[in-house]
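S.K.: Please model the complete structure; the sequences and the hints are all you need to start from.
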Amino acid sequence: MKMSFFSAHKDEIINDTGSLADFSDVNEPNNSIKTPPNDEDLFHKMFHEHSAVMLLINPETGEIIDANIAATRFYGFDFQEKGNFFIHDINLSSPEIIEQEMDQALKFRTNYFIFNHKVSDGSIRTVEIHSSPIVLNGNKLLFSIIHDITEKTMASNALRMNESLMKMILETTPNGVLVTDQTHDKILFINTRFQEIWPFFKSQDIYNHKASDIFNLLSETMIDDQSIFDNISPGAEKKPVNKVTVQLITGNYYKCFSACILGEDGEYDRRLFIFEDITREEIFAKSLQMAIQKEKEMNELKSGLVRMTSHEFKKPLTSILVATETIQKYGITPDDEDYAKYFYRISKNAKFMKDLIDKFLNLSKLEYGQMPVKLERANLVSFVRGWLDEFRKEQSSIRQIQFNPDCADCYLDIDINLLKQVLSNLVSNGIKYSPEDSRIVLSINANPMDVEIQVSDNGIGIPAKDQEFIFSTFFRASNVSRVPGTGIGLALVKQIIDVHGGTIGFRSKVNEGTTFTIKLPRSDSPRKLS
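Anchor point for the sequence shown: position 65 equals 46 in the numbering used here, and the numbering is continuous, going up by one each time.
Hints should not be assumed to be uniformly reliable.
Here are the simulated lysine-lysine pairs, BS3-like style, with alpha carbons at most 27 Å apart [to be verified]:
no. : residue 1 : residue 2
1   : LYS355    : LYS500
2   : LYS322    : LYS296
3   : LYS340    : LYS475
4   : LYS224    : LYS191
5   : LYS340    : LYS275
6   : LYS332    : LYS296
7   : LYS267    : LYS295
8   : LYS374    : LYS413
9   : LYS500    : LYS401
10  : LYS335    : LYS413
Computed spacing ranges between beta-carbons, pair by pair [to be verified]:
no. : residue 1 : residue 2 : range
11  : THR496    : LEU298    : 32 to 38 Å
12  : PRO353    : PHE181    : 44 to 50 Å
13  : ILE230    : SER419    : 47 to 53 Å
14  : ALA33     : GLU245    : 29 to 35 Å
15  : PHE181    : SER208    : 18 to 24 Å
16  : LYS99     : TYR188    : 43 to 49 Å
Everything labelled a hint here was simulated from the structure, so no lab data went into it. Computed from a prediction, not measured in an experiment: that's the story for all the values here. Backbone N, C-alpha and C fix where the C-beta goes; we use that ideal spot for every residue, glycine too.
M.R.: Next up, the structure:
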């Protein structure tokens, strides 16, 4: 194994743009190799006919005493002209460095150097020199064997530059990078950005764990993990780069690119993962998708409004027009017997149209957050009793409404006017879609954290296929076509419950009835209303 030897001029040589030197294979001082007289002819024969570039140099003057045919070909000079060629003519190092290094070579059996040499066409070649002292014909010379390592040096320099460039790119990229050897279950590389994405382990600590263990840990941080860290399957190297979008439990979105790469044994047993943060783009895309969906809903709402107004307003408007035309045509006055009948018809239908418009406007305001919600602390039982008294006075139906509260004091923060609309819609629906002799049950159940309001009827029920759409604007179940309605009521109820921070659900069976259940958060303790 070569042992490095560096002279006192190492830094000077390496930093010199005209030369490059390195030294190794240093042994203890020893006598020069002496060639026996009888072997000199054999030495000269081997020297001149050998394919390696060889020089014999006078260490005192630097004169090139002899050069073999390979040297003549390599350098392009005729070294046979005595006294014309010196090592200084081809070595681009300074004369001082050349002399000192020749002196060092004389003291050791073998010295190893790297220099820049000039050839006849003016080009510069980087050469590796093995120089040893030798005694020939009684003269002490330096025997140098020279190898051209220009391409090797250029390739090595390019490799170092590429490594430096790659390191800079990996450490400055905004993407996380992970490289694994899945055959040996090892983590080979992570960059700084990868640690920022998953900061639950230190950079050095991760290399002490199996890749599979790290994968399990990473998978636990993902929502709907799509197994992006699966083992490499046969033929995976032939597939293009795999791309998948994942979401972390932090809410951030990342696009993961993965591909197989060659390992040291020439097999595709390594995997490269690149994680690109696309949170901003994903949020924008989702907001755009929501905006498109909202626009679609608005268009459907407009179409539904046109259909609803043309259908639902036609009958009451016709009734109002007929009543007013009759009063006008026949000159009916308040003293006439039929006046009250026509006036009631006008008033009833006008009120119906006003209520319909109010429902639609309230629904629109709630959907766009423009409805002012005025919360008040109220005893729910007292509130429902008061509303029920008013409702019974307004309704001409003889149907019985049964109220069953399980508590005396259930305090909630509610908007009284909005909650009245909820109760009116649910109870009115129960009456509208139930037989004449049926009973509507309104109950209140108090729980530690919330209060349940239930409205039950024994009516026609909601078909199973329609139940998922029941809170959609303008939607009406398939079994209510003969009963007047707009499809606005339940959509409005849902929006009102939402702004109260509550929930609404139901259970229903055709021809047996429906029960709506509202859950509203309970207030901590009663307080006097201001």
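S.K.: Mind checking the alpha carbons of LYS374 and LYS413 for me, to see if they're no more than 27 Å apart?
M.R.: Roughly 17 Å separates the two Cα atoms, so the pair holds.
S.K.: Next pair to validate is LYS267 with LYS295; report whether the Cα-Cα distance is within 27 Å.
M.R.: Answer violated: LYS267 to LYS295 is near 41 Å, above 27 Å.
S.K.: Kindly confirm whether 47 to 53 Å is satisfied by the beta carbon distance between ILE230 and SER419.
M.R.: 50 Å, holds
S.K.: Could you see if the CB distance from ALA33 to GLU245 stays within 29 to 35 Å?
M.R.: This hint holds: roughly 32 Å between Cβ atoms.
S.K.: So if I understand the rule, the pair passes when the alpha-carbon distance is 27 Å or less; does LYS500 with LYS401 pass?
M.R.: 15 Å, holds
S.K.: Compare the distance between the alpha carbons of LYS224 and LYS191 with 27 Å, and conclude whether the hinted pair is satisfied.
M.R.: 24 Å, holds
S.K.: The hint says 18 to 24 Å between PHE181 and SER208; measuring C-beta to C-beta, is that right?
M.R.: Taking Cβ atoms as reference, PHE181 and SER208 lie about 20 Å apart, which means the hint holds.
S.K.: Is it true that the C-beta distance of PRO353 to PHE181 lies inside 44 to 50 Å, as the hint says?
M.R.: 46 Å, holds
S.K.: Please verify whether LYS340 and LYS475 have alpha carbons no more than 27 Å apart.
M.R.: 13 Å, holds
S.K.: Between LYS99 and TYR188, does the C-beta distance stay in 43 to 49 Å?
M.R.: Holds, since LYS99 and TYR188 (Cβ atoms, about 48 Å apart) stay within the stated range.
S.K.: Is the Cα-Cα distance between LYS332 and LYS296 27 Å or less?
M.R.: Judged against 27 Å, a Cα distance of about 13 Å means the pair holds.
S.K.: Quick one, are LYS340 and LYS275 close enough, alpha carbons at most 27 Å?
M.R.: Between LYS340 and LYS275 the Cα gap is close to 20 Å, so the pair holds against 27 Å.
When each numbered hint is compared with the structure, a violation occurs for hint 7 only.
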